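The task is simple: from the sequences and hints, build the whole structure.
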Amino acid sequence: MGKAQVVVMGSYVADLAFRTEKLPAWGETYMGEDFKLGPGGKGSNQAVAAARAGAKVSFISKLGRDAFGDIARKTYGEEGIDATHVFETDSPTGAAAIIIDAVKGENAIIVVPGACFELTPQEVEQTRQVIAESAIFVTQLELSLPTVEAGLRLAHSLGVPTILNPAPGHELPDTMLQYCDYLTPNETETEILTGIRVVSLTDAEQAADALLSRGVRNAVITLGAQGVLVKNATTLQHVPVYVAGPVVETTGAGDAFNGGFAVALAEGKDILQAARFGCAVAGISVTRHGTAPSMPFRNEVDELLQRFT
62 MGKAQVVVMG SYVADLAFRT EKLPAWGETY MGEDFKLGPG GKGSNQAVAA ARAGAKVSFI
122 SKLGRDAFGD IARKTYGEEG IDATHVFETD SPTGAAAIII DAVKGENAII VVPGACFELT
182 PQEVEQTRQV IAESAIFVTQ LELSLPTVEA GLRLAHSLGV PTILNPAPGH ELPDTMLQYC
242 DYLTPNETET EILTGIRVVS LTDAEQAADA LLSRGVRNAV ITLGAQGVLV KNATTLQHVP
302 VYVAGPVVET TGAGDAFNGG FAVALAEGKD ILQAARFGCA VAGISVTRHG TAPSMPFRNE
362 VDELLQRFT
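As numbered in my numbering, residues 62 to 370 make up the sequence shown, in order.
Derived from the structure by calculation, the hints contain no laboratory data.
One or more hints might be untrue.
Claimed, not checked - Heads up, simulated DSBU-like pairs for lysine-lysine below, C-alpha to C-alpha not over 35 Å straight-line: (1) K135 x K97; (2) K165 x K97; (3) K97 x K64.
All values reported here derive from a predicted model rather than from experimental measurement.
Okay, here's the thing in structure tokens:
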């Protein structure tokens with residue numbers, strides 16, 4: 062059987078990751094512990110996660126003709142990701158400053174999307190064929206909202222199931238949510254979308270109901286170390302995390318989950334199986350440094366799942 066086809070539309074930015082024991086105050090200079098430059102952006106990270114997890118992946122985005130863009134092109138070649146639909150512009154490729162707590166592994170991120178924010182609905186229309194041939198379509202909110210909606214609407218019109226990872230958090234109109242077969246917010250993004258502060262599973266269930274009432278068909282709320290809450294018209298289930306080892310860094314965990322979740326759905330798994338698969342991908346990623354480099358390969362994910370069955 063051939064690999065399941067996943068289309069990811071989203072951002073690429075170069076990740077500039079700084080590890081430090083504390084954040085400097087305004088006007089203060091502080092010596093950090095480590096620095097790394099590599100490929101990032103939620104869309105790009107999810108594409109890498111999906112490719113390593115076993116899918117045939119096509120990525121839709123826009124890059125600048127510069128050194129940061131070259132890092133992306135090299136990455137897609139190495140990861141076997143189809144970059145035919147990655148457009149180019151003379152504007153600079155985006156970048157993300159990632160400040161990582163060297164003690165806790167938590168992070169704070171500033172993103173300047175750059176070139177990818179120039180991807181237009183008209184260019185999305187040019188990708189109709191590859192979306193039509195896919196088993197699932199995935200996107201996020203690091204592109205312009207009209208472009209995100211254009212992608213969701215196109216996939217929906219072609220009968221291709223859609224995943225919207227509404228990150229970074231942003232209020233969204235019901236007209237966009239109606240195109241979402243699967244919505245995968247974290248606690249912060251859930252609060253922005255529903256006004257409900259999520260600190261417990263009961264809160265998450267209430268927020269999921271609010272999302273379903275707005276047209277989302279499946280609410281998949283990621284809860285960090287608490288796992289995932291899955292809710293639709295017939296299912297309510299809490300999926301716990303899979304502990305693969307000590308947590309080193311959580312920066313790419315959400316992208317790891319979404320990439321794995323997409324692959325499992327594309328392979329025909331049901332929503333709970335897909336959520337477990339996504340949790341396993343994320344569970345491994347947090348034991349490693351980096352975003353795209355932390356994404357596990359399929360054999361690693363299968364081995365972890367077998368340990369818990």
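Here's how the hints hold up against the structure:
| no. | hint | result |
| --- | --- | --- |
| 1 | K135 x K97 | holds, 17 Å |
| 2 | K165 x K97 | holds, 18 Å |
| 3 | K97 x K64 | holds, 32 Å |
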